[in-house]
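Asks: Listed here are the chains, written in short residue letters.
Number of protein chains: 4
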Amino acid sequence: MAEGLAIMTSGGDAAGMNPAIKCAVEYAAAKGYKPFLVYDGLRGLIDDRIVEANRELVSGILHRGGTILRSSRSQRFFDINFRRQAYENLKRRGISKLIVIGGDGSFRALNQFYADFGVPFAGIPATIDNDIAGTDYCLGVDTALNMIRQSVDSIRDTASSFSRAFVIEVMGRHCGYLALTSALSCGAEICLVPELEYDLNAIGARLKHEIDNEGRGYIIAIVAEGVKMSDYLTRWIKDSLEMDARLTVLGHVQRGGSPTVLDRIMAYKFAVAAVEALDAGETNAIMVYRDGTYGHLPIHTVVDSKYKLDPALIRLGAPLGR
Amino acid sequence: MAEGLAIMTSGGDAAGMNPAIKCAVEYAAAKGYKPFLVYDGLRGLIDDRIVEANRELVSGILHRGGTILRSSRSQRFFDINFRRQAYENLKRRGISKLIVIGGDGSFRALNQFYADFGVPFAGIPATIDNDIAGTDYCLGVDTALNMIRQSVDSIRDTASSFSRAFVIEVMGRHCGYLALTSALSCGAEICLVPELEYDLNAIGARLKHEIDNEGRGYIIAIVAEGVKMSDYLTRWIKDSLEMDARLTVLGHVQRGGSPTVLDRIMAYKFAVAAVEALDAGETNAIMVYRDGTYGHLPIHTVVDSKYKLDPALIRLGAPLGR
Amino acid sequence: MAEGLAIMTSGGDAAGMNPAIKCAVEYAAAKGYKPFLVYDGLRGLIDDRIVEANRELVSGILHRGGTILRSSRSQRFFDINFRRQAYENLKRRGISKLIVIGGDGSFRALNQFYADFGVPFAGIPATIDNDIAGTDYCLGVDTALNMIRQSVDSIRDTASSFSRAFVIEVMGRHCGYLALTSALSCGAEICLVPELEYDLNAIGARLKHEIDNEGRGYIIAIVAEGVKMSDYLTRWIKDSLEMDARLTVLGHVQRGGSPTVLDRIMAYKFAVAAVEALDAGETNAIMVYRDGTYGHLPIHTVVDSKYKLDPALIRLGAPLGR
Amino acid sequence: MAEGLAIMTSGGDAAGMNPAIKCAVEYAAAKGYKPFLVYDGLRGLIDDRIVEANRELVSGILHRGGTILRSSRSQRFFDINFRRQAYENLKRRGISKLIVIGGDGSFRALNQFYADFGVPFAGIPATIDNDIAGTDYCLGVDTALNMIRQSVDSIRDTASSFSRAFVIEVMGRHCGYLALTSALSCGAEICLVPELEYDLNAIGARLKHEIDNEGRGYIIAIVAEGVKMSDYLTRWIKDSLEMDARLTVLGHVQRGGSPTVLDRIMAYKFAVAAVEALDAGETNAIMVYRDGTYGHLPIHTVVDSKYKLDPALIRLGAPLGR
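Protein chains in written order, with the UniProt record's numbering: chain A, 1 to 322; chain B, 1 to 322; chain C, 1 to 322; chain D, 1 to 322.
Among these hints, one or two may not hold up.
Pairs involving identical chains hold if they fit within one copy or between any two copies, as the list cannot separate such chains.
Using 27 Å as the maximum straight-line C-alpha spacing, the simulated DSS-like pairs for lysine-lysine come out as follows [claimed, not checked]:
#: 1; residue 1: Lys308; residue 2: Lys228
#: 2; residue 1: Lys228; residue 2: Lys269
#: 3; residue 1: Lys269; residue 2: Lys34
#: 4; residue 1: Lys34; residue 2: Lys208
Hint data in this document are derived by calculation from the structure and do not stem from the laboratory.
My request is simple: use the sequences and hints to build the entire structure.
Replies: In structure tokens:
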């Protein structure tokens with residue numbers, strides 16, 4: 001009988017999860033495994049929401065945002081008894097391998113599950129924050145960046161109609177990747193992120209100079225939510241630059257949208273790599289893309305390091321904070 | 001020598017202004033007028049930012065959001081001396097007719113200008129709030145509604161991945177048209193607008209029932225900014241429904257975007273009607289679309305009435321507030 | 001026991017069918033009917049692909065293009081024996097009323113079905129060709145127009161980079177509504193439709209004049225597929241105007257895409273009207289929107305008349321064919 | 001006096017050209033050069049359409065498709081006398097360095113220009129065909145792929161409504177990169193490209209099997225224009241698979257659209273690298289991105305090699321042609 005291989009999504013959802021699911025199912029089947037789908041993440045693992053995959057279940061999902069498997073956070077998974085229940089669910093179906101598409105927290109949870117019951121897993125990094133150590137890319141980032149771009153471009157349409165400032169808050173609790181990359185690719189004048197110091201006085205002086213001498217008509221500012229400065233910056237621009245200022249908080253608009261081509265291709269490559277790693281006997285490996293090549297790293301290398309923003313990106317972005 | 005006819009935009013910008021400008025220029029020229037463009041709204045009228053229109057100036061603008069003529073608010077226009085200066089600018093160029101694309105405030109300002117100096121104008125209603133009395137449609141509304149729709153659809157992609165509530169704040173200081181129409185067309189569960197009473201207790205009871213008994217997985221709430229309830233509602237959902245809730249404030253994303261086909265067609269019809277009204281000797285008429293037909297109304301009928309939301313829309317939307 | 005009311009889609013698919021399905025189900029249930037869904041159109045009626053509707057089956061479909069009920073053409077439905085089989089399927093489930101979302105052909109088929117077995121139906125006009133007599137609007141048209149607009153706007157981006165002509169073929173076998181409306185709203189220089197004569201010599205002379213004297217840099221031509229002139233016109237421009245010319249055939253791109261706000265609102269209004277017409281005892285009525293108001297017409301008024309393009313639209317478009 | 005550095009676009013236009021222009025201007029100025037813009041490509045070089053760049057000329061262009069500098073093909077540039085004229089235009093303005101954004105043909109033309117008059121240039125690869133040797137990426141590719149994706153996703157909406165086949169012709173005269181990548185990322189069933197043999201009999205047998213046994217409802221086929229098989233394949237599907245089949249020819253829709261984030265970032269990196277290469281005294285270097293790193297290659301390495309499709313891509317795509 002074919003060995004069972006289950007696929008699940010966990011943590012915050014990200015575009016690209018669906019193509020990764022579809023590809024993992026198809027490639028696992030081609031490799032001789034019997035693929036399963038776990039619905040509702042870790043909670044579904046405990047509550048046995050596990051079904052055998054078939055063509056119909058993963059058909060027509062390539063272009064859907066989010067994850068058809070849904071996701072969840074689960075306190076119960078910290079309890080060995082619930083993990084045992086999850087293990088029994090897998091065992092009963094002959095599932096001996098797992099692919100989890102998600103972030104650091106999910107990888108840690110499955111690493112503990114492996115320590116307890118010896119079910120090896122492969123992790124596919126997926127988070128729009130792009131803050132997983134060891135990989136240059138996490139699924140969902142390109143789609144999120146392009147959703148932000150469309151919103152900023154739309155605001156820019158109207159920006160030049162009036163002399164006005166626009167503050168746009170984007171996701172990123174501890175990581176300014178989305179904000180900095182958006183600011184650079186959309187030509188923002190201000191960018192505030194957790195990793196970089198900023199100096200409102202310097203920003204004010206720079207922009208006043210441009211308004212007075214170079215005909216600057218409007219200002220676009222991009223702020224990572226983790227800085228908690230969106231409201232303040234909006235008021236500050238009104239007061240200091242005497243310019244009407246409006247705030248946009250994009251929120252979950254950034255997580256949605258049909259996956260871009262890059263997210264689909266990355267999903268494909270990561271899914272194939274994950275099945276192959278498991279097939280080669282790897283345990284607890286996290287798929288990564290680094291310096292233009294695909295590979296995988298042991299989980300500890302990934303979850304024990306802190307993600308650091310590319311110094312080149314920081315250098316480019318620094319002038320937007322002063 | 002051909003009589004001069006000047007076109008300007010004033011007040012908040014709205015998609016559809018550019019196609020209206022282009023069409024007014026072309027149709028006025030076809031009718032034998034010499035068309036002019038006024039840049040920067042009322043301020044440009046005073047400061048003489050007026051140029052003769054030509055093909056190149058209005059070429060390639062049909063699909064641009066915002067207004068290439070820019071807009072402004074002008075305190076100086078309340079002063080007769082500045083209005084006289086504006087009048088001299090027009091007179092010097094042989095401009096004896098005006099088309100203004102904007103809202104109530106702009107119409108009133110030009111009405112005063114007419115009282116002073118006898119320059120007749122035609123008004124084209126343009127505001128994404130859709131709150132001008134006497135017309136069922138204002139330029140920019142369809143584009144704004146579709147920008148909101150795309151954001152809500154994008155959020156919906158991700159909504160079903162998690163059990164979660166999404167609060168989306170849309171424009172509308174005194175008028176809930178955008179919010180209500182969006183809520184109905186995007187299938188929201190909650191909608192708060194200035195014109196309608198709401199009852200959080202009733203909303204809470206209704207949704208709790210659906211969560212507990214009908215498998216409701218997520219909630220989408222649309223709130224008009226004028227209600228000033230976005231932050232409160234987000235926290236209230238977290239506390240009362242014990243569901244994670246996130247806020248999106250769309251802001252000027254709603255004003256941008258390429259004009260939809262409907263906004264282009266309406267722009268075309270309004271622009272033709274405005275030129276024809278002026279050509280027929282009408283003074284101070286506001287173009288309107290009502291019950292499926294185009295026409296115009298005297299300015300007093302428009303600016304002296306308060307816009308009222310369609311009772312049918314209120315009836316449909318009322319259940320979303322209780 | 002509640003009376004059964006079944007909803008089906010038939011003929012070519014159009015955006016707006018899904019919101020109409022969802023709304024018809026919900027409103028029928030609110031009116032006390034037991035709603036059913038017929039899958040695969042007339043074929044499904046014969047082959048008994050009929051299921052009772054529930055919240056889950058119509059959940060999350062508002063923003064989906066196409067029709068979740070699928071559609072089909074069925075030769076068998078012309079045979080009384082197969083129609084009898086369809087009737088038995090309905091009878092067995094207590095279904096005594098039908099709503100069909102589709103075009104002329106579908107309405108005729110159900111009219112015959114009524115003549116045979118007395119099952120009354122209400123028709124909701126849905127076809128991107130907008131060629132159903134008696135109504136100014138058919139579901140799917142606004143979405144199709146905006147899909148075309150996005151393609152033409154995208155081509156326009158690149159048009160001014162080079163001196164070049166672009167021929168764009170859009171849908172419309174016998175009806176030039178899509179082509180003409182697109183040409184006007186996107187500012188095309190040429191438009192060929194079945195309803196209008198065209199004169200290539202005149203077109204050539206007009207454009208040569210503009211190229212030589214007015215700095216015209218590029219040409220956009222929109223052609224209805226029914227004219228069968230796309231390939232010829234592309235070659236003709238190359239030969240006659242000595243300008244590089246490229247053809248785009250949009251095909252089914254026009255049928256897809258998430259329904260626009262207008263298509264959702266129209267779907268909503270038509271669905272409510274259809275349920276109410278059936279509930280009021282109407283038989284074989286087609287929902288229509290005319291001169292700004294909603295109503296319904298007897299089927300013969302609709303299918304026995306030939307749709308005629310709005311003379312105003314023809315007048316506006318005529319100059320693009322000479 | 002500052003040394004002049006001129007920027008031009010040449011050959012077919014591609015999204016990403018505008019951000020590259022803007023960034024090259026700004027970075028060249030920051031490095032102490034006096035930046036110039038050449039309009040209309042090689043033709044403009046001859047006809048002296050060269051202006052000094054300033055903030056206003058490159059403002060608000062980041063999000064525009066196409067190229068604001070326009071492009072052209074020029075037979076005259078093959079003539080030494082016209083090249084001399086071009087040289088005099090540059091010399092008169094103190095322009096001693098050139099950046100050309102375009103493809104192989106443009107690079108060769110400027111290489112000859114260098115041989116004649118010693119004006120060094122840096123080339124930035126830009127072509128949606130992605131067929132320049134030595135670099136993994138050319139500007140415009142990601143935007144083109146995502147334009148194709150949106151069209152295919154839109155067709156997919158409607159595909160499952162009917163049992164039907166859709167043939168989509170995409171750009172690519174000699175290179176199947178766009179077609180293959182689109183086919184893989186959009187989940188097509190058939191893909192025909194110039195680099196791969198195909199076997200219609202095998203394709204027919206495979207799909208018939210899936211239709212008969214696995215419930216396949218629809219077919220999506222992507223064909224590179226260079227194969228000249230779009231019309232034939234459409235008829236063949238109708239005849240052999242007895243399935244209704246429709247053709248979409250995307251044409252220049254693929255070249256348009258606002259540049260994606262990736263195209264903006266690549267534009268930025270290439271533009272900085274080009275200025276730095278010229279500043280470091282490099283002559284006739286082509287910027288490349290390979291295996292995850294940026295660099296440049298001598299022009300001969302690039303234009304004397306034939307671009308070869310990535311073998312991995314060929315391997316993945318091969319099953320779609322049999």
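Asks: Is it within, between, both, or neither for Lys34 and Lys208, if the alpha carbons may be no more than 27 Å apart?
Replies: between (64 Å within a copy, 25 Å between copies)
Asks: With 27 Å as the alpha-carbon cut-off, assign the pair Lys308 and Lys228 to within, between, both or neither.
Replies: This pair counts as within: shortest intra-copy Cα distance 20 Å, inter-copy 39 Å.
Asks: Within a copy, between copies, both or neither: which one fits Lys228 and Lys269 at a CA-CA cutoff of 27 Å?
Replies: neither (36 Å within a copy, 31 Å between copies)
Asks: As a check of your reading, is Lys269 near Lys34 (CA-CA no more than 27 Å) within one copy, between copies, both or neither?
Replies: Classified as within: same-chain Cα gap 20 Å, cross-chain 45 Å, threshold 27 Å.
Consistency with the previously given hints fails for number 2 only.
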